[in-house]
Every structure is written in C-alpha cells, then in structure tokens.
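Work out the full structure: start from the sequences and follow the hints.
Residue numbers (numbering that gives the first Met the number 0), protein chains in the order written: chain A, 0 to 455; chain B, 0 to 455.
FYI, nobody ran anything at the bench for these hints, they're computed from the structure.
Among these hints, one or two may not hold up.
Identical chains blur together in the list; that is why a pair holds if it fits in one copy or across any two.
As the list claims (entries may be wrong) - Calculated lysine-lysine pairs in the DSS-like style (CA-CA distance at most 27 Å, straight line):
hint, residue 1, residue 2
1, Lys283, Lys353
2, Lys341, Lys166
3, Lys228, Lys341
4, Lys438, Lys166
5, Lys271, Lys353
6, Lys34, Lys357
7, Lys438, Lys34
8, Lys4, Lys388
9, Lys49, Lys342
10, Lys341, Lys375
11, Lys49, Lys283
12, Lys228, Lys375
13, Lys4, Lys71
14, Lys387, Lys228
15, Lys71, Lys388
Protein chains: 2
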Amino acid sequence: MQKIKDYVEANKDRFLDELFELLRFPSVSADPQFKEGVLNTAEFVAQKLKDAGADNVEVCPTAGYPIVYGEKIFDPSLPTVLVYGHYDVQPADPLELWDTPPFEPTVRDGKIYARGAADDKGQFYMHVKAFEYMVKNNELACNIKFMIEGEEEVGSANLGIFVRENKERLKADVIVISDTSMISLETPSLETGLRGLSYVEVEVTGPNRDLHSGVYGGAVANPATILAKMIASLHDENNHIAIPGFYDDVIELTAEERKALNEAPFDIEEYKTDLGVADVWGEKGYTTIERTGIRPTLEVNGIWGGYIGEGAKTVLPSKAFAKISMRLVPNQNSERITELFKKHFEGIAPDYIKIEVKPHHGGEPVVTPTDSIAYKAAEKALEETFNKKPVPTRGGGSIPIVALFEQELGIKTVLLGFGLDSDNLHSPNEKYGIENYLKGIETIPLFHKYYAELSK
Amino acid sequence: MQKIKDYVEANKDRFLDELFELLRFPSVSADPQFKEGVLNTAEFVAQKLKDAGADNVEVCPTAGYPIVYGEKIFDPSLPTVLVYGHYDVQPADPLELWDTPPFEPTVRDGKIYARGAADDKGQFYMHVKAFEYMVKNNELACNIKFMIEGEEEVGSANLGIFVRENKERLKADVIVISDTSMISLETPSLETGLRGLSYVEVEVTGPNRDLHSGVYGGAVANPATILAKMIASLHDENNHIAIPGFYDDVIELTAEERKALNEAPFDIEEYKTDLGVADVWGEKGYTTIERTGIRPTLEVNGIWGGYIGEGAKTVLPSKAFAKISMRLVPNQNSERITELFKKHFEGIAPDYIKIEVKPHHGGEPVVTPTDSIAYKAAEKALEETFNKKPVPTRGGGSIPIVALFEQELGIKTVLLGFGLDSDNLHSPNEKYGIENYLKGIETIPLFHKYYAELSK
Numbered sequence: 000m001q002k003i004k005d006y007v008e009a010n011k012d013r014f015l016d017e018l019f020e021l022l023r024f025p026s027v028s029a030d031p032q033f034k035e036g037v038l039n040t041a042e043f044v045a046q047k048l049k050d051a052g053a054d055n056v057e058v059c060p061t062a063g064y065p066i067v068y069g070e071k072i073f074d075p076s077l078p079t080v081l082v083y084g085h086y087d088v089q090p091a092d093p094l095e096l097w098d099t100p101p102f103e104p105t106v107r108d109g110k111i112y113a114r115g116a117a118d119d120k121g122q123f124y125m126h127v128k129a130f131e132y133m134v135k136n137n138e139l140a141c142n143i144k145f146m147i148e149g150e151e152e153v154g155s156a157n158l159g160i161f162v163r164e165n166k167e168r169l170k171a172d173v174i175v176i177s178d179t180s181m182i183s184l185e186t187p188s189l190e191t192g193l194r195g196l197s198y199v200e201v202e203v204t205g206p207n208r209d210l211h212s213g214v215y216g217g218a219v220a221n222p223a224t225i226l227a228k229m230i231a232s233l234h235d236e237n238n239h240i241a242i243p244g245f246y247d248d249v250i251e252l253t254a255e256e257r258k259a260l261n262e263a264p265f266d267i268e269e270y271k272t273d274l275g276v277a278d279v280w281g282e283k284g285y286t287t288i289e290r291t292g293i294r295p296t297l298e299v300n301g302i303w304g305g306y307i308g309e310g311a312k313t314v315l316p317s318k319a320f321a322k323i324s325m326r327l328v329p330n331q332n333s334e335r336i337t338e339l340f341k342k343h344f345e346g347i348a349p350d351y352i353k354i355e356v357k358p359h360h361g362g363e364p365v366v367t368p369t370d371s372i373a374y375k376a377a378e379k380a381l382e383e384t385f386n387k388k389p390v391p392t393r394g395g396g397s398i399p400i401v402a403l404f405e406q407e408l409g410i411k412t413v414l415l416g417f418g419l420d421s422d423n424l425h426s427p428n429e430k431y432g433i434e435n436y437l438k439g440i441e442t443i444p445l446f447h448k449y450y451a452e453l454s455k
Numbered sequence: 000m001q002k003i004k005d006y007v008e009a010n011k012d013r014f015l016d017e018l019f020e021l022l023r024f025p026s027v028s029a030d031p032q033f034k035e036g037v038l039n040t041a042e043f044v045a046q047k048l049k050d051a052g053a054d055n056v057e058v059c060p061t062a063g064y065p066i067v068y069g070e071k072i073f074d075p076s077l078p079t080v081l082v083y084g085h086y087d088v089q090p091a092d093p094l095e096l097w098d099t100p101p102f103e104p105t106v107r108d109g110k111i112y113a114r115g116a117a118d119d120k121g122q123f124y125m126h127v128k129a130f131e132y133m134v135k136n137n138e139l140a141c142n143i144k145f146m147i148e149g150e151e152e153v154g155s156a157n158l159g160i161f162v163r164e165n166k167e168r169l170k171a172d173v174i175v176i177s178d179t180s181m182i183s184l185e186t187p188s189l190e191t192g193l194r195g196l197s198y199v200e201v202e203v204t205g206p207n208r209d210l211h212s213g214v215y216g217g218a219v220a221n222p223a224t225i226l227a228k229m230i231a232s233l234h235d236e237n238n239h240i241a242i243p244g245f246y247d248d249v250i251e252l253t254a255e256e257r258k259a260l261n262e263a264p265f266d267i268e269e270y271k272t273d274l275g276v277a278d279v280w281g282e283k284g285y286t287t288i289e290r291t292g293i294r295p296t297l298e299v300n301g302i303w304g305g306y307i308g309e310g311a312k313t314v315l316p317s318k319a320f321a322k323i324s325m326r327l328v329p330n331q332n333s334e335r336i337t338e339l340f341k342k343h344f345e346g347i348a349p350d351y352i353k354i355e356v357k358p359h360h361g362g363e364p365v366v367t368p369t370d371s372i373a374y375k376a377a378e379k380a381l382e383e384t385f386n387k388k389p390v391p392t393r394g395g396g397s398i399p400i401v402a403l404f405e406q407e408l409g410i411k412t413v414l415l416g417f418g419l420d421s422d423n424l425h426s427p428n429e430k431y432g433i434e435n436y437l438k439g440i441e442t443i444p445l446f447h448k449y450y451a452e453l454s455k
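Next comes the structure, spelled out in structure tokens:
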C-alpha cells in the first residue's frame, strides 16, 4: 500500500527521534535503583499514545510498576485489536561489553544500538506510530486498545491482577504482540508457539562463616564445590534434563511436524560462526531448531560464591548461589516444573550442607493456531510488505502473558515480531534494524485492514 | 620469668594501643585500591622498629610492596635470630558480615576484632614489643634481624628476589615466624609442618557474547554449566582428588606418626557446632586432623558467571570463572601440581568451549624438625609461659616463604604461633586474643634466652 509507505518515508526521521527518546529512559525493572527511570518511561508512553490520538489514556497503578492503557473505539460493530507490549527492559550489565552506552541509542550500519531497542520498546512503538498513521488518515479498520506494561522482564507479577480486574475494559477479538523475532528481512516468519518459563534461585550453605581454606579445607564441605556437583547432575550424558518427571507432560511432535519445522532456512555453520563456538551443544536426538523451539531446557543464568575480586584469596566460602531457569514446552506447567525442580534439588542435597530453593517468576507455554483469522491476516500483511509468504516458526522465548490472556480473557494472540535472533536481546549491544522498525510500522495497518476484512 | 611478666603488665595498654594503630591501616595487598594503605603501613612498621631500638632500619623497595628491615647486632659471637612477618592483610569482604568495621579494632570478650589481628599484624608485632623489652632491659640473648614483608597474602612474589639479593644481610642461625596457631591457651602447641599451595584461576568461554537463554538455551554450551561439570569431576566419590598424578609425590605417614598426630586434643562435636555443619566432609580413610594437616586438598575459593544481581535475568552467559587452590603436603611441588592441574583441566574441557588456566602464586610444603635447638628452645619457652609442654602439630595453612628460606638461605624455621584456629583468619570478624598477644610477648624473650643457651 503506497500511501502508508509514503507516510513512513515522510516521517521516518521523527519516528526514529521519538524511539530514541524512549530508549534513553533506563527502565530496568529488575533493579530498584532504576525505579524513577521506569516510572518516567510510563509517563512518556502515555503522552505518546495521547499524541497519536488515543482516548482514555491512563497510567494505571499496580502493586509494582504501572500499566499504560489507551484506546480508540470508533465503531463497536467492528472487531477490536488489543496491542500488548512492555516498556521495561533487561538489566544492561555487563556494561563494559557495550560498544556504546546502553541508554544512549546509536546507529551503526542501519541498526539502532540500545537496551530495549528490539525488546520491546522498538517493537511496541511501531504500533503507536502505525496507529498515528491510521488515525491521521482515517484508515482505522478496527477498534484498538493498548496495554503496555512495565514488569515483563521480571515476570509480569501484577499484570495478571490487572487483567482479572479489567476484563470489561480489555474486551477484544484478538491480541497482537510484537516482541518476538522473524527469520530475516528476506524471509519473514510468524511464531506459532512460545516456551514457558520456570525460574528459581538456589542457595547452598556450608559452614556458618567464610573459612581459611588452609585451616579447614578438605575437612568441611565447600558449598561452591557441592553446588557445582549438584548443577552438573542436572543434565545427563545425553544432555537430557535429569529431573524425574520433567518430561512427563511434554507432547512429542509428529514426524511431519518436525520435518516442517526443520525446513525453515537455517545455516548451522553461520550459526556457529555468529556465536564464535566450535560446535553446538544440546539434547541428543534433536536439531538446533528443535532444541530451541520444541524442547524444554534448563540453563544456569548466574552462579556465584566465595571471593570473586582481584587477585587471590584462600577462602572456603560459607555460601554459593545460582540462578537457574527452565524453558517449558506446550502442556508443561511452570508451577509443577518448579515444584519438581525444588523437590529434586532438595533431594540430592547432601546432609552436610543446607539448601534453599526460591522460585522466581514463571510462565506457561503456548501454541498459536495457524488457521485463525488473525494468523491469516498477519500472513497476508507480511506477504504484502515483504513480497514473500511468512514461514511458521516455533520461538524459544517466553511471553508468559500470552497464556494468561487465553485463560483470563479467552482471547488468542498473534505474534507479529519484526526482530532478529541476532539482535542481542538480553545481551550487551542489543540492537534493532531501522528497516525492521519501519517495515513493522508499514505492516501493522495492513494487519488491521485484513483482520477487519476477514472478520466480516 | 617475673621481670618480663611485670614489664608486660606495666605496658600492656600501650602495647594494645600501638597494635590498634597498626590494625587501622587497611593494608590489603590483593586490591590495588588499598595501595596507599599498604605503603603507609610499611612506614609505620619501620618507625616502630626504630622506636624499639633497631639499627639500620630500612623500607626496602621491591617491584611490588616494600620489605621492612631492621636489626640489632650487638655481639657477632652470639647466634642470630631472624624474625619474619608480614604487614599486609587479606581482603575484608564480605564487609556486611563484619560485626564491627574490619579496620577499626574493637575489643569484645578479651578478643581484638580486626582484619590482620592474628594474621599477621598482631603476631609479628609481639616480636617488636619483646625486642623493645630485651633492649630496654639489656636482656638481648641473641642478635636479631627483622624482615617484615607486604605481599604474603598475594604470594610473596618479590620476597624471593629480595632474599637472593640480600643473603649476607639476612645471614642468621634460625628464623622465627609467628603466623600460625596453637591448640588453645590451655594446650600450647608447635607446628612441625606446613602445607604448600598451588593457586589457579580458570576462565571458561562459551558463546562470544551473553545470549538470551530462551532464544539460544539448549543449543549452545553454557559455560557455567560446563564449569560446574568440570569442577564436579575434580573430586571422586571418596573425595579423592581426581587429577592424574596428583598424589604421586605424597609421602604417606607411618601408622605411628598418624597415631601421634591424632592424639592431639580434638572434639569433633565441638568442631561441627562451631562451624554450624551437620557433618564433616573429606577424603575417605582419614580423620579431620589428618585431612587438614597431612593430606593435600583442592578447594574452590570463588566461582562466578552470568547475572548475579538482583532479581531474574534470562541470560546464557558468555563466560564463567573460578579461583581454585590446592594445599600441598611435603614432597609435593607447587609448580608440578599447577602443571598437572592445568594439563588435566584443559584435557577434560569439551571442544565446544574455550578454556584458560592462569596460575596465581604458589608455595612449597615444609616440615620443621622437632630435634633442633630452635624447636627445643621454643618448647622450653612455651612450657615456662603456659606451664605445659607444647604438643607438636601439623598445620594446614601455607607460609611459602619457609621453604624459600631453606632453599636460599639454608636456614630452618621455628613456627612460634600464638593464634587459634577459631580466630577467623581470612574471614569476617577476624580476631586475636589479648591474652594470646601478651603471652606471646612474654614467651619470645624466653625463646631467645634458651636458644642462646642451647647454642653454646
């Protein structure tokens, strides 16, 4: 559609400037020291929704960070699209690995480098700008509602409550989320599933104080050593997860489904080169695409204990810690998996140490239907923008809210992601392609148009 | 000897005030940010040696921190005692676990709480005050030399060079070091051996950047997991160290020697209660006294990798690290053991990660003869002060310099330690008993007296 192309072309500098403004807010929800940054981001988002033409814009308080709501209901007889996104971002550390400051967006080779560029500021903001276009040009095809939260990176603890308390206000026919990636600008794709998440923190305590490793070493269990042994036992020699019952609820895909999945363009050598690894690693019997898409995983996200400063200290530490998360696939339940982990980890703990397992947030896996009107509308919109039919994929990431929406509001979600796996989400030098951003803004009005048409 | 008792009684407040002054210097040699504190400590020690009556006092520069030298040669025909000590201390972290600030000495229940109180400021300073007594009262029985270094806690890297370059100046008949512990004030003891040390830092690198654990988890080796598996494999199911050749040079003690060693008073229940552990842990087939005294050990002193901040971050880290040290027993060689570790650790590293093993400092194990004049003089001195013959013990700690002295100067060492294992060396709330401090000052002149007598 030429008209939207022209509008994007005419306004792209402003679109970028506004996104840069948004990216300058250090909205790290995991770290209390950024509280003000997070709150200011919510106010900024609310203002931008008003500017774009949204009504009833509200920064809705929660027990944690606020949720920004806004809507445009111009014809109740038309379908309603609910846009979900999040304005909070992951912590930026390790800072020293960023080539440019995480909260000072910088453009290099057509990419915007900043924390949150792709996850999710750059992606949800495409919807705000597409909305601006539709309002200004009387091209709204559907009613629209925005719900942008500030706690996605810490488990959306308060969003569930908000959704339960606002079922009427959030009524919609479909939810659109742009917080995932596509294969490439040459090969658009649509996520048809997401993994769930179970996240725990473990604390192993040995002696009641740090000890001199010369005086006590060899006679008292070292919590760092014991934690290492316990973590080592969580994967067997085939890299299957060795927690009893862990795979019980996993539904194996059919040979056809696996075949289709593995037909997505994927170059293992390119993959290894990009990551700088001599070889890949994973569960025996599955391809890399399957390992990250349809199989549950267990990863150590952080480990620490003892002296980690400069130089050498001969200490036998009192405590050692680890943050461990598990990605879950359809039919697994995060609470059940967290329980299984806790039970198992406490079970294998030797009696000469003390152990504590604290659950962090979790989320349920989902599968999005490919035969729905919403999926077909997204497919048509992407095909028109990229001149190529999008490939269905299964994403490894987790957006716990998707499952929550299904349960609480009974609404299905379409995952209209424009990021790339190489965007360094959650890593230093997170980036988002300018072209991905602008193509997204271009695609979204088409989705609304086709969704309205197909809903007739 | 009543006269020294009276002198100590009359001057004990000043002796304590001076030690407190010394303890207020934050002389952490491992951390560059304390450089000034370390240098100021050296100047202070030099001044105190002059005040006590030492001649030719000099703060000798080295490539690292200076060595403080001083002497009193009043009769070349008499034997010469070389006193070694160190004015640097271990890092104080974790700071939050100290009940009172580490560099603000505080007395509670007759104990001085401060970093370095026992290791080694409080112990080497006893020699300075005992020297003051002998000078003031014309009771010097031997010539005396002081060599107080500032890099013991980081491996005495420059002391070896200093010793080689100053063989003439350091000429002596015996070396006395008070940097170890005794069983208790009721049961004095003398160390007859020290373990050596091999200290390495390992770095495991997986992908070339931190990754999103949802997008890449399960498909790329996680360095934290791999490091855990590698560390877990370093001890077998009997807690023997599983590095090929590690025990090759260990000389097993005879049944008699082991019997004698195990006759030292030791209450396993008290030990467990003091450490707050349900059970001890260690190499199968050996008692706790043997595990910490005559057996080599391997301990993780620190481990870190990934996100270790507040809250949850779903990252697959690029790197994971560990500081690992091994305590060596007589006849093991630290360079050889470091090499064995490096070879083994690199050998077990899977090809989908990169590994680097960096050696830190090392030191050789020693055995001090119990039939020497020096040992007998120390025995008599302790017996007179404590009214009980000291028990011979084998210490688990390491003072690499002892082996170095034997090699370079051909001088044997007597380990006249007055600390207690419960002094929290290298831990928060390090302490040193006021009575241990004063009894030490009382005992040292007796050692000089008997050493001179027995040398006739």
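Status of each hint after checking the structure:
For the homomeric pair Lys283 and Lys353, the shortest alpha-carbon distance between copies (21 Å) is at most 27 Å, but the shortest distance inside one copy (33 Å) is not. In the homo-oligomer, the alpha carbons of Lys341 and Lys166 never lie at most 27 Å apart, since the shortest distance is 34 Å inside one protomer and 61 Å across protomers. For a Cα distance limit of 27 Å, the shortest separation of Lys228 from Lys341 qualifies both inside one copy, at 16 Å, and across copies, at 20 Å. Taking the shortest Cα distances, Lys438 and Lys166 never come within 27 Å of each other, neither inside one copy (32 Å) nor across copies (78 Å).
Taking identical chains as interchangeable, the C-alpha atoms of Lys271 and Lys353 lie at most 27 Å apart only when they sit on different chains, with a minimum of 14 Å there against 40 Å within one chain. For the homomeric pair Lys34 and Lys357, the shortest alpha-carbon distance inside one copy (24 Å) is at most 27 Å, but the shortest distance between copies (40 Å) is not. For the identical chains of this complex, Lys438 and Lys34 are neighbours neither inside a copy (33 Å) nor across copies (56 Å), given an alpha-carbon limit of 27 Å. In this homomeric assembly, Lys4 and Lys388 come within 27 Å of each other (Cα to Cα) only inside a single copy, at 19 Å, whereas the closest approach across copies is 96 Å.
Neither within a single protomer nor between protomers do Lys49 and Lys342 lie at most 27 Å apart by alpha-carbon distance, with minima of 49 Å and 65 Å respectively. Neither within a single protomer nor between protomers do Lys341 and Lys375 lie at most 27 Å apart by alpha-carbon distance, with minima of 42 Å and 58 Å respectively. In the homo-oligomer, the alpha carbons of Lys49 and Lys283 never lie at most 27 Å apart, since the shortest distance is 52 Å inside one protomer and 72 Å across protomers. When the C-alpha separation of Lys228 and Lys375 is checked against a cutoff of 27 Å, the pair qualifies neither within a copy, at 49 Å, nor between copies, at 47 Å.
For the homomeric pair Lys4 and Lys71, the shortest alpha-carbon distance inside one copy (23 Å) is at most 27 Å, but the shortest distance between copies (92 Å) is not. Taking the shortest Cα distances, Lys387 and Lys228 never come within 27 Å of each other, neither inside one copy (50 Å) nor across copies (45 Å). For a Cα distance limit of 27 Å, the shortest separation of Lys71 from Lys388 qualifies neither inside one copy, at 30 Å, nor across copies, at 92 Å.
The earlier numbered hints that this structure contradicts are 2, 4, 7, 9, 10, 11, 12, 14 and 15.
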